[in-house]
Amino acid sequence: METTAFQKIHTKIDQITKATCSLHATGVGNEEMALVNDRLAQVVKIEGDLVTLQVFSGTEGIPTNAEVVFLGHAPQLAVSDELAGRFFNAYGQPIDGGPEVDGKLIEIGGPSVNPVRRKQPSELIATGIAGIDLNNTLVTGQKIPFFADPDQPYNQVMAMVALRAKADKIILGGMGITNDDYLFFKNLFENAGAIDRIISFVNTTENPPVERLLVPDMALSAAEYFAVEKNQNVLVLLTDMTLYADALSIVSNRMDQIPSKDSMPGSLYSDLAKLYEKAVQFPDGGSITIIAVTTLSGGDITHAIPDNTGYITEGQLFLRKETDIGKVIIDPFRSLSRLKQLVIGKKTREDHPQVMNAAIRLYADAANAKTKIENGFDLTDYDKRTMSFAKDYANELLAIDINIEIDTMIDTAWRLFDKYFSPAETGIKAELVEKYGKQIV
Amino acid sequence: MATTGKVVGIISNLVVVKVNGPVSQNEICYIDHEAVKLMAEVIRIGSENAYIQVFESTRGLKTGTPVEFTGHMLEAILGPGILSKNFDGLQHDLDKMEGVFLQKGDYTHPLEVDKNWSFKPLAKVGDEVETGSWLGEVTENWIAHKIMVPFTSKGDFKVTKIVASGDYKIEDTIAVLEDAEGNNHPVSMIQKWPVKVPIKTYKNKPRPAKFLETGIRVIDSFTPIVEGGTGFIPGPFGTGKTVLQHALSKQADADMIVVAACGERANEVVEIFAEFPELDDPRTGRKLMERTTIIANTSNMPVAAREASVYTAMTIAEYYRSMGLKILLLADSTSRWAQALREMSNRMEELPGPDAFPMDLPAIISNFYSRAGFVNLKNGETGSVTFIGTVSPAGGNLKEPVTEATKKAARCFYALSQNRADSKRYPAIDAVESYSKYLEYPEYIDYVSKAISPNWVDNILQARNSLVRGRETYEQINILGDDGVPIEYHEIFWKSEVIDFVILQQDAFDKIDASTPINRQQYMLEKVLTINNTRFNFEHFEEVNPYFKKIINVLKQMNYSEFESEQFKKFEKELEEIINEKAVVETEQL
Ligand SMILES: Nc1ncnc2c1ncn2[C@@H]1O[C@H](COP(=O)(O)OP(=O)(O)O)[C@@H](O)[C@H]1O
Ligand SMILES: [Mg+2]
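Here the protein sequences come in this chain order: F and G.
Numbers in this note's numbering are just positions in the first sequence, counted from 1, shifted up by 80.
Mapping to this note's numbering: the second sequence position 481 is 466, numbers consecutive.
One chain only, chain G, in its complex shape (with noise of 0.2 angstroms):
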């Protein structure tokens, strides 16, 4: 018999329940409240007490009110229909729910269960599978969906039954399998599983080395991020973070996109909303809405769910990736889902760890980044979770506790500095601050030279020089003024600029500039270290901001145009007469 219990206690969403049974922590349980039941998980257990915390508001909930236990942790149902999405942080579909307004307790169904889906089997009678195994597939939008022996499956099968191709329901039977006692087990297209614990039926997970390309130049060409690596974009308010992940989303060459709106504003995911199902998605020509999930918790939805949310989305990019699929997972903002913590954390008093919040934090979230991945799965297919996460740090300080414990977790840093955004330097990025580990993987570094150019990386590494060699020199001008040093100090300190200006901005906001293929990259880079690598004449410091403005001028024309386009070609031939105007004939090589 399932447990039960009565309310004894309640601390805003803190609720605190005598129970006449056993309870495990994290089972979820239903508060009987006035006619609608309302969802909570359990977080601490005591003597005789549960302490839940409720994904709802309580007010008007009274003591005495039954409670209800479940028997289970907080789970996702997995099944062909995820994708193009609306979900809550618990996977309740939004568009199902009635009324403009939430309701308390109105949980929709995440899939359609009377749908029928085109089923073709892939395993036949008497196949040995295992947890994972793929039985079949049905096509959901443009993607392959494989159904999959569930996850929760421990141990070997074989297979005595499969239907024949055909129209079924997600929760029709497709296959029998029977397993070492000679049990059988029917399967269905959906199975569930429990948010908190990673899917492990993969092989293993190799060092990722794979470039991702986003289209966002300073990412490709400064700190790229690869299939199945982690990131993460800290920085102050109103920097970039959130226009930053929509262009992820919209440019990434990835085959899902899960975005987990996590505790931030409502209208940033009705921008999504309003544009995925009208944009083009370059790589297939399909809208973009159709490989994308939206998990939208935001900061006004209940704040115990926001945790959940990214859980939840993490959830549904490792099913995905069973599939031998490549997802980009981003979650804004993961500071949003550590405060969520905090506030429950303070409510049962526990002792607080820096800046009040949970003493556990940097593990919880490590533990978090950690399903991320690239992996081979057992049938020698592939498929990686790329993560990547917003922090928002309080007063846009980076010494501050989810900050910090990000910093070890992730091994990219996207550093959006404040400065740049109010000089409007976009992407706000600060490319000498930031890094990404990927850079000095061998694998990558092999990977690239092979599949975008052989001196690639040594490219970077020259264009990064002399973005700090700007910066120290820029420090120099402004100690000693303009005159009091040498006129090359002026022509470094331009060359960095010229770089800034139009490898490192990026007009998020132009139909052209706004997201630029690798080899498009590649040949601005180019042209950008021979400007780079050539000496001018200059007699007086004054002529070289105006000369510089200029050639930034056309390279950033050259940004607005369409690649190789006769108006590019243009303004290129342009850039080369002012290039001849006052280069020093022979091109010193660096």
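Next comes chain F alone, as it looks inside the complex (with noise of 0.2 angstroms):
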């Protein structure tokens, strides 16, 4: 980003915090960036002639007499084809040693979509995972995060569920994430052939926190100008907005609000929400749709991040570790996907719902039954058939390192199911049991 002529350059700041610096100056837009000595700046705050603007690399070293400039717009893209393949930082500037981009300047964070133009999301997307497809299935242009702490493997699986979900352009925002992680992404694009439909802005651990405020913004623009422009199907990928939330809390606490739970700022869920409704169906056929991760702390999704992200996007997929079998598993308690109706059953076949409520009751029962145990107690011999049925369920349907079709989902729920239950214990309509039960068996 360069100077030019016209541009007056101040030098006099009054004001320094960590986070900020302010200035006398007129004639500037509120969310206008700025350069306080070749740091990028944005404008936060306007008194009368009084600018205070959020250094993203923070203050250190700034003196009093920095040059300051005022560069007219606020933070912006540059978009085209050529973002395919390439790897930009927060600010959207090459660091794959390649050219800049050539194309038009948009703003980042536009304008919301006039929710009377969305159209319903009713494409299925099919990842092979039956955790996934059989019970929490996803909808392009659906928003979901995976709930997982710190050690579970939810970089790979996301990357997993991205390169088989068939998507026109995948969109990585990468935020406080480590190098090893953002090569581990970059490697299995390009083994995966796939790199030319991959686009990145990586913020690691490396660079300061608060420039990771960009990256989701500069994700999501560039996937409205595919899902808008060129009415391709994008998928983002947003990882770790627990870290993202936390600069938010760090800028808030720095420019002294009140803090509201969890020392985040009370803005969260509005903040959180702009970025995760830009997931959407368009009428002409584009769409974005959003996977995220927020990394939990010790599985608490009563934190002020998951819980508020609860709110906002359209379910959840909670990894935890099946000690019974040693795999990791999607948690059929926990997760949710609330477009799942919008496909399944219509979609899919038409036992698919309640063949999927089945086997979520009767595995909660198996839990029920583990309890027992727990407190020393005698199992009934249906505790134990779920036990087993659990067991099976875990290994064949749970497990995150399966990849078969849809049919074969439910027809190994069936399959357990006559291996362990009578069609009453199962509870599903008798017509289906008639229909889709008996072929199994």
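The set of hints was computed from the structure by calculation and includes no laboratory data.
By construction, the Cβ of each residue, glycine as well, lies at the ideal position given by its N, Cα and C atoms.
Take the hints with a grain of salt, since some may be wrong.
To be verified - List of simulated lysine-lysine pairs, DSSO-like, C-alpha gap at most 30 angstroms: (1) 341/F / 393/G; (2) 422/G / 310/F; (3) 518/F / 554/G; (4) 92/F / 3/G; (5) 392/G / 185/G; (6) 496/G / 426/F; (7) 471/F / 409/G; (8) 555/G / 426/F; (9) 499/F / 409/G; (10) 496/G / 181/G; (11) 515/F / 535/G; (12) 401/F / 409/G; (13) 471/F / 535/G; (14) 125/F / 22/G; (15) 499/F / 555/G; (16) 407/F / 471/F; (17) 184/F / 47/G; (18) 199/F / 535/G; (19) 81/G / 125/F; (20) 70/G / 190/G; (21) 92/F / -9/G; (22) 384/G / 341/F; (23) 558/G / 199/F; (24) 310/F / 81/G; (25) 515/F / 496/G; (26) 558/G / 515/F; (27) 496/G / 518/F; (28) 499/F / 471/F; (29) 554/G / 515/F; (30) 518/F / 409/G.
What the hints assert, rightly or not - Have a look at the derived ranges for each label pair, beta carbon to beta carbon: (31) 127/F / 177/G: 31 to 41 angstroms; (32) 269/G / 514/F: 28 to 38 angstroms; (33) 334/F / 496/G: 54 to 64 angstroms; (34) 338/G / 425/F: 40 to 50 angstroms; (35) 514/F / 97/G: 46 to 56 angstroms; (36) 334/F / 494/G: 40 to 50 angstroms; (37) 97/G / 447/F: 56 to 66 angstroms; (38) 481/F / 432/G: 56 to 66 angstroms; (39) 494/G / 160/F: 54 to 64 angstroms; (40) 20/G / 248/F: 28 to 38 angstroms.
Join the two chains into one complex using the hints; note that each chain is given alone, in its own frame.
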């Protein structure tokens, strides 16, 4: 980003805090970008002619006579087909050694879609993972995070889902990811021969945390370009949104705002919603689907970050290690896809909804039986059957290493029902048992 | 001359304006920003500055930008054409806006100025009228939309002119009224009303007592809502608040549904946009959209307009109530409105109350709920606004300011339980924790014993009691073990499970099960209570679970079948046979 001749240079800063500096200037627009000794900054407050700038990389070493230049626009990204296959930092500058992208400059974080212009999402995204396709079916235009403790392989699962999802573009927004994870994504995408479908905006742990705040808007603005102008189906991966929210709290804290729950800013809900609501099915066929990662601390989903996220997203996929089988599963209890009812039993076989629910209920019965064991009680015959069922169910359907067709998933469930239960114990509609249950047996 | 001013400060969507004349609290003003006008509302006034919340993004706004004040508060435009509309929180017609994306300052008229409505006078020259009196009517979809004496009129008037039956546009003068001083007031088919002020043209507001059927068993049977009643649905995310509200909006026995989608997901509103024009309203055979108005201010739309959206919705509901109609108003979620208040209050650096919410939050919530109600109009007709809001408690913890304040204001409490949702026991309303105060109203008991059955309330209490006992015994079994308790304990527990699975649980996505008419609810409740009062012979506790599972399964098949159909009767017979297998002959009366 270069300064042009007519731009006025200010050289007197009045006040400097850890994240911001304030100076007297006029004619400055709210949210306008500026350079403070070549560091990128953004206007966050104007009081009379006192303008407060948030310096993304922090204010360490900024002197009171630093050169401040206002750039006359909000954060921008150059968009064109040239974005494909490229890696950028949080400001949209190339980090892969390639040239600057030649394209139309757009302001990131643009307006919202008029709700009456949205189309109802209806295209199923098949991932081969039964914990997703059978129990928590995904749909284009959906927004959904993985909820996972830091030791879970969430980035791997997310990348696998992305590659199987048949999207026209996959846009990665990496926030506070380690350099190793960055290289993991890079290698995986290259080896999968998918690199020309991928665009990445990456802020690693080596970069200043506040810069992260630009990453989701960069990724989503690029996504809007391809979804609106090229009618493409775009999948946006955002990892890790917990680190994004942490950056929000750093900023609000440094600006002396009153924190609400868990030291998060009171506007956390609106801040996150503005990003996640960019997921959309456009009327002309393009779509933006968001799959995010929200890392948890000790599985606690009542913390303000996962809590607000859950209120915004269309479900969540909860990763958990199932000790009985020693594998990571998609937990059927805490996971949910709110859009699944738009496709299950409609785009998939009609017995899908009931089979799915019956299996989860029986799995819940097994959990109760386990509690009985822990409390030192004997198990009934039914309890024992549910426990055996649960093990097979976890192994054959819940584990994340599954890759099968949806019909096969439903048939597998019927086979397990038949192995352990009577039709009455499954509670499935008689006509469905008649039509589908019998054929498997 | 109208007051004007200049922008002197910008903190997100809070803007400070230096003014040159009088301004009033909650006055609407427009910022003249780069050829578009941004709408804003005054929320605090200092010695020479007004603090305004802008209903738009303030990106690019500069100090020095001129501001014009309008002299009025945020108003709704009320008249024929509101039904079936999709508005934003400030009542702009979303369908009239250009393009796929919302553009700043694209403020569209809520109604059709050029459309002809077939007007029929109800009043005649010489009639004495007052505020809210019906002057005439037009047919809007299927509702006789009354054209009323404007709500802002004070005192008595005489009709000096009224137009003959015929086609008129909303802005045409349809009547002239003369006040006590002899001044003439022309009246058109539309009027404006400030949304934050309740419309009170009714005679009085008695206690509501008329049962409002929703088709949702756990509500109608266990925690009933009444015409003009209030209720709220708190629950952690994913426990079914929105699905429940959508079910209410589809099935409830009301003339008109006003849905305020307040700060929640856009796709949930899209679901209504997509489905309601297709779905039939079982009461009228018309499409559901014909009785519905949607106020959509989803979470990605301007935060300040979120607060306005619930007031706009309430004002529209009150307007139609004044026509003698039965309105159901739904707001999802009132917590987002409270959060919008919190964001502004924090930006203004007000002294924060609990969880940083504004101190006066409880008063704001209870004032809002008090606008609902059943009313006797001055002309002898009745109308009602029933209000049900959802609450999204942070961390699912009900001890938080919005839930606590709402609990004091609303008469029905529909607690959604995480445990029930996790085990897919939908709707996840905890029938033991939840309550309806109306169940205790003698007027209500009287009403339902005539309208449903004389022992209806007794049956409900009996079923509820069984649920409580079931829960207690379940704890005992968990502590003492399956074989550490008498067999009856298993029986008591499983009898409560029958009620749970057959009455409380209801599949919102099944064509038949989704909505249960009250006569069917009564039939099934009697059936389940008979089982509840039957003693069974079990040799061993291990027999209890599979036996009751069989009973539950058959009863559920009945729920999935058309009421009193061949199939229904077949399952009913099967049920009888199963019961006879193990029933001890005489039925014990509790
Ligand atoms: N009555 C119901 N029947 C079947 N599924 C339901 C029911 N209520 C809720 N669900 C399931 O739970 C999900 C979340 O419900 P929703 O109403 O969106 O929750 P909330 O608004 O409380 O966050 C739905 O997408 C659906 O899968
Ligand atoms: Mg909801």
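How the hints compare with the structure:
1. 341/F / 393/G: Holds: residue 341/F and residue 393/G sit about 23 angstroms apart, inside 30 angstroms.
2. 422/G / 310/F: 56 angstroms, violated
3. 518/F / 554/G: 24 angstroms, holds
4. 92/F / 3/G: 27 angstroms, holds
5. 392/G / 185/G: This hinted pair holds, its Cα atoms lying about 25 angstroms apart.
6. 496/G / 426/F: The hint holds at about 14 angstroms.
7. 471/F / 409/G: Judged against 30 angstroms, a Cα distance of about 20 angstroms means the pair holds.
8. 555/G / 426/F: 29 angstroms, holds
9. 499/F / 409/G: The hint holds at about 23 angstroms.
10. 496/G / 181/G: 40 angstroms, violated
11. 515/F / 535/G: This hinted pair holds, its Cα atoms lying about 20 angstroms apart.
12. 401/F / 409/G: 22 angstroms, holds
13. 471/F / 535/G: 25 angstroms, holds
14. 125/F / 22/G: OK: residue 125/F and residue 22/G at ~21 angstroms, within 30 angstroms.
15. 499/F / 555/G: Holds, at roughly 28 angstroms.
16. 407/F / 471/F: 11 angstroms, holds
17. 184/F / 47/G: 25 angstroms, holds
18. 199/F / 535/G: Violated. Residue 199/F to residue 535/G sits at ~43 angstroms, over the 30 angstroms cutoff.
19. 81/G / 125/F: 34 angstroms, violated
20. 70/G / 190/G: The hint holds at about 29 angstroms.
21. 92/F / -9/G: 26 angstroms, holds
22. 384/G / 341/F: Given pair residue 384/G, residue 341/F holds - Cα atoms ~13 angstroms apart, limit 30 angstroms.
23. 558/G / 199/F: Measuring from Cα to Cα gives roughly 46 angstroms; hence the hint is violated.
24. 310/F / 81/G: 25 angstroms, holds
25. 515/F / 496/G: 19 angstroms, holds
26. 558/G / 515/F: 23 angstroms, holds
27. 496/G / 518/F: Holds. Residue 496/G to residue 518/F sits at ~24 angstroms (cutoff 30 angstroms).
28. 499/F / 471/F: 13 angstroms, holds
29. 554/G / 515/F: 21 angstroms, holds
30. 518/F / 409/G: Judged against 30 angstroms, a Cα distance of about 25 angstroms means the pair holds.
31. 127/F / 177/G: 31 to 41 angstroms: Roughly 35 angstroms apart at Cβ, these two residues keep to the hinted range, so it holds.
32. 269/G / 514/F: 28 to 38 angstroms: 37 angstroms, holds
33. 334/F / 496/G: 54 to 64 angstroms: 55 angstroms, holds
34. 338/G / 425/F: 40 to 50 angstroms: 47 angstroms, holds
35. 514/F / 97/G: 46 to 56 angstroms: 53 angstroms, holds
36. 334/F / 494/G: 40 to 50 angstroms: 48 angstroms, holds
37. 97/G / 447/F: 56 to 66 angstroms: 57 angstroms, holds
38. 481/F / 432/G: 56 to 66 angstroms: 60 angstroms, holds
39. 494/G / 160/F: 54 to 64 angstroms: At 44 angstroms between Cβs, range violated.
40. 20/G / 248/F: 28 to 38 angstroms: 36 angstroms, holds
When the structure is compared with the earlier hints, violations turn up for hints 2, 10, 18, 19, 23, 39 and for no others.
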